[in-house]
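K.L.:
With these hints in hand, go ahead and build the complete structure from the sequences.
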Amino acid sequence: MAFVDFSAREIHCKIVYYGPGLCGKTRNLQFLHERTSPSRRGQLISLATPNERTLFFDFLPLDVGSLRGFQTRLHLYTVPGQVFYDAARRAILRGVDGIVFVADSQEARLAANVESIRNLEKNLREQGYEIAEIPYVLQLNKRDLPSAMPAAELSRRLAIKGEPTLEATAVTGRGVFETLKSIAREVLLDLRRRRTPSGFTRATAAS
Amino acid sequence: MSPADLVLYEEDFRSLQQILRRLRQESSASVVLLVDKNGQRIASVGDVEALDMTALASLTAGNVAATDGLARILGEREFSVLLHEGEKENIHVSIVAQRVILVVIFGDRSSLGLVRLRVRQAGAELERAFAEITERMEREPVLHSSFEPLLAEITDEDIDRLFSE
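Protein sequences, first through last, are from chains F and D.
Terminal number for the first sequence in our numbering: 677, no gaps in between.
Terminal number for the second sequence in our numbering: 247, no gaps in between.
The hints are simulated quantities; they were obtained by calculation from the structure and are not laboratory data.
Values in this document were obtained by computation on a predicted structure and should not be read as measured data.
Think of the CB as a built atom: it goes at the ideal place given N, C-alpha and C, for glycine as much as any other residue.
There's no promise every hint is true.
[Unchecked claim] Derived EDC-like pairs: lysine to aspartate or glutamate, alpha-carbon spacing no greater than 16 Å straight-line:
# : chain 1 : residue 1 : chain 2 : residue 2
1 : F       : Lys592    : F       : Glu577
2 : F       : Lys651    : D       : Asp190
3 : F       : Lys651    : D       : Asp129
4 : F       : Lys651    : F       : Asp533
5 : F       : Lys651    : F       : Glu633
6 : F       : Lys651    : D       : Asp134
[Claimed, not checked] Covered by chain D, per the in silico footprint, the following chain F stretches (three or more residues, Cβ under 8 Å):
# : stretch
7 : 477-491
8 : 509-520
9 : 562-571
P.N.:
Next comes the structure, spelled out in structure tokens:
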């Protein structure tokens, strides 16, 4: 639920990186954090287990520039990918404006990708969203691995609605910014389509 | 709009801010903030420059979401108060009108009893304020005129220009 603050001239959007365990969601955020100037980003917060698996979420606020005089700020979240953290995933989807599904390109992870998309669909529905309607981008990650499936076949197996699909190698940063741009575009176009931002809106007119 | 949506006008914002300011004074707290359940900061008063308020808002909402999950397991609707006690600083978190989170950060200039008392009073005021806002929204269609032009005018080029600055 985008938040538009007319007094401060800011638009805030919540984007969630979803996907199976170890697919590279956290790495996407880490790379964005490393490569963005400190003046345009907040702290990267990682709530992780002692062995660096995401336990609850990672969070990174990023300023991406000005849109018609409105500073646009993206709040990026990851979910924990491991199957048994489902309650945490549901909680993080609350108020989401757009989803990046990070798929692991390795053939051995195909079933995990499919299961995670089904899980996303179910969790979105529980929060009152339909996957068909929410801004959504598919990232095919780990393209550098020899065991990666051909991109065309993978996207044929995973795509759900003709969504923008991007190839990436998050570990080196390839495709990471492109993915973010793509989802930001989808979210802003959705906002334009709906005309009325939902969630909390601070408007200027007196009632 | 979904039932959870709220549009706050400048005067609503000012009256919320006023309630927070009074709560902060009367409870001798260092910071008081109001966060929505999605992690978005709505309003805050106090030494806000000293703290990373964006992170604070997001973590508080995460905390409340996790606690809501615990409540469901026990068959409770919600746990309406959370308390974190530190050596010097403490955080009192409460849910107001089932939709917003009231956070009070206080140190040894205050006490838990005082904060609880003042939060109860301010919570009732905030509930009234949100009830009025909701009522007004049901009574009058929301005036979207102030933001519709902005959203309608966003072009593909505007979006392309983001990130390139």
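K.L.:
Which numbered hints are broken by the structure, listed smallest first?
P.N.:
1, 2, 3, 6
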